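Residue strings, one per chain:
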Amino acid sequence: MIFNAVEIMTPILLAALGGLFAERAGVLNIALEGLILTGAFAGILIAAATASLLVGMLAGAAAGGLLAVVFAFFSIRLRANIFITGLAVNLLAAGGIPFVSTWMFGTKGVLRFPQLQRMPRLLEGVTSGINAVDSLLFGHSVTVYLAWLLTALAFVVLYRTPFGLRLRALGAREESVVLAGVDATAYRRLAIVISGIAAGLGGAAISLRLGVYLPNISAGRGWIALVAIYLGYRHPFGILMAALLFGFTESLAGAAQGLLAIPGTVLLGLPYAITVVAMIVYSALRARGRRHRRLIDSHF
Amino acid sequence: MKYRNDTIYWRALRAAALPALAALLLLTAPSLPGLGSRDAATEAGFSIAVFVPGVVEGSPTYEMLVAGVQRAAAERPGTQVRVIEGGFNQAEWPQSITSLAATRDYDLIVTSNPSMPEIADEVSRSFPDQRFLVLDGYLSGNSSLYTVQFNQREQAFLSGYFAALVSSSRMEHARPGLRAGLLAGQEYPIMNRVIRPAFELGLQSVDPSAVLDFRVLGNWYDAAAATELANSMIDSGADVILTISGGGNQGVISAARTKGAYVLWYDSSGYDEAPGIVIGSTRVKLDHAAYLRTLEAIDGILEFGSAEMLGVADGFVDFDTEHRLFERHIPQQVRSELAAMIARLREGDLQLEMPTRF
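Quick mapping for you: the protein sequence lines, in order, are chains A and B. Our numbering puts the first residue of the first sequence at 1, with every later residue one more than the last. Our numbering puts the first residue of the second sequence at 1001, with every later residue one more than the last.
None of these hints come from the bench; they were simulated from the model. The model shown is predicted, which means the values in this text are computed figures rather than measured ones. Among the hints, a few may not be true.
Derived DEER-like restraints, expressed as beta-carbon distance ranges [stated by the list, open to error]:
#	chain 1	residue 1	chain 2	residue 2	range
1	A	THR50	B	PHE1304	56 to 64 Å
2	B	SER1099	A	ASN131	56 to 64 Å
3	A	SER298	B	GLU1092	54 to 62 Å
4	B	ASP1314	A	MET104	34 to 42 Å
5	B	GLU1172	A	ALA287	52 to 60 Å
6	A	TYR233	B	GLU1122	44 to 52 Å
7	B	GLN1333	A	ILE262	36 to 44 Å
8	B	ARG1170	A	ARG121	26 to 34 Å
A few chain B positions that, by computed beta-carbon distances, are all more than 10 Å from chain A [what the hints assert, rightly or not]:
#	residue
9	GLN1090
10	SER1099
11	ARG1104
12	SER1168
13	SER1169
14	VAL1206
15	ASP1314
16	GLU1322
17	ALA1340
18	MET1354
Virtual Cβ for every residue (Gly too), placed ideally from N, Cα, C.
Given these sequences and hints, build the entire structure.
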């Protein structure tokens, strides 16, 4: 169950990390769904053409980044409404990919690439002696470890570099950053492109793991990634935990279907119910902590 | 300054207009006229509208439906066929069917889905002259409708019987203990009351202790989630999985390939999807049924108001045992036992009646 949870969370984590950069720069990237879809399509196409998963991953990231450039051009450069532009990008991906697919392969349905090599797994056979730890850490697809690495990288970039500081300041108090001479537009554009690259990578992770592309392969993961950004309190490690929570609850719901005599359709709502409860509990604990600190401060 | 602001707003407006227009086009594209496979019916001859509750491409069932109707039309000169894709939003289907009937352009509306008889029944009250041919559904007594139901109880039973034979064989991925999986895209009356129990009956007719692991994906497209569900089933001991989950089927194949298990296909021959992984396929000859009944409708001999049930004995439901990959991967003993069971159903020695009301 834990093993499956880690695999489930990976595309969500990648897209959410990207979305975090845009969010911290003050842009809500609602185009994540379309960016994932584009990355999934381009990733498997190029991987099949070059017979290289690595090139496929890079192509997925590049395609996501490229579409994000278009999104940034309309929303930042031309100052179009961010929601309309974001939705247009999602629709463009959902409508454009079947068009390209029909043009190239004569079908807008399932694209299978049986010759594609399987996604390699790392640290297979390594054991700590504790089952839960083994399931969490060892034997996963290479994209899982890549996502963890990028989580740490996102933390370093956002919290340990001048670029990250300016980006966060831009989202928190734009005027102060502009007064300091920072080009807010350029930073926001870059943040959107980073979110496109990461979401595209997430899409490629899905299609390359499956070895197929099919319509709607993103299946709402872009929207879940957006939720994960806020559930994770807009922090890379918080997002990691939020994505893991999503993965774990989905995995739990799947496993519970095989164990409990409760209708599967009911159990499918479990991830969302648990997530809402977790969010309420966490918010309550955080508020309580704040009150506690204020109380201590008032005494001194 | 004001002029500059106005310019910015105009720019923003213009910039927003393009994506908005693109979005509008994409949203409305499926409903635009002229996207059918052929032009609308002409005044002369017999005109048929094929209403596809979904999209044709990628759906073997609807591909068969369209092919069957077009084949019949090709044999009767002057017959016009237009294919209308209704999309995946089930709430829009009644309105789309009503719109089609309201045009009075079509002598016959052909469609296929278990939910369509009720929709056609409702629409026929407003348009009693409109004739409907509905496949994969059952409703009798309405003089505007002719429905054809396929015996999915026999179909699912054969799948379960074959799954049990494979699971208890010495095939490479067969494991001790008879446990098979069934992944459904969603729960619906025929799934819960016919397919699932019949699949389980098939399993237990080989070994009464056989266990069915039934899971629901929750949609018809999330292949990644289907992979994880299939992984979980395989981890629980299932070595054969029947998948009826649309796009999710690809996820089941991916899990079976990685973990070492077998997949069964439903409704159409799926061996070529993943040779050596997809090892069994039941088939419904919907194309042939659509062809025959459409031909009868054109000739004016189809008895509207009736409903028929077609099964193994009629030759409309079967197990694809002639595919080269089936012969290559399945041991002789399993093939023989399956053939014997198919013969029993065909000869009426074993009767599995399909309920007609849910």
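Hint-by-hint comparison with the structure:
no. : hint                               : result
1   : THR50(A) - PHE1304(B): 56 to 64 Å  : holds, 57 Å
2   : SER1099(B) - ASN131(A): 56 to 64 Å : holds, 58 Å
3   : SER298(A) - GLU1092(B): 54 to 62 Å : holds, 60 Å
4   : ASP1314(B) - MET104(A): 34 to 42 Å : holds, 41 Å
5   : GLU1172(B) - ALA287(A): 52 to 60 Å : holds, 57 Å
6   : TYR233(A) - GLU1122(B): 44 to 52 Å : holds, 50 Å
7   : GLN1333(B) - ILE262(A): 36 to 44 Å : holds, 39 Å
8   : ARG1170(B) - ARG121(A): 26 to 34 Å : holds, 28 Å
9   : GLN1090                            : holds, 16 Å
10  : SER1099                            : holds, 23 Å
11  : ARG1104                            : holds, 32 Å
12  : SER1168                            : holds, 20 Å
13  : SER1169                            : holds, 23 Å
14  : VAL1206                            : holds, 21 Å
15  : ASP1314                            : holds, 30 Å
16  : GLU1322                            : holds, 23 Å
17  : ALA1340                            : holds, 32 Å
18  : MET1354                            : holds, 23 Å
The structure fails none of the hints (numbered hints given earlier).
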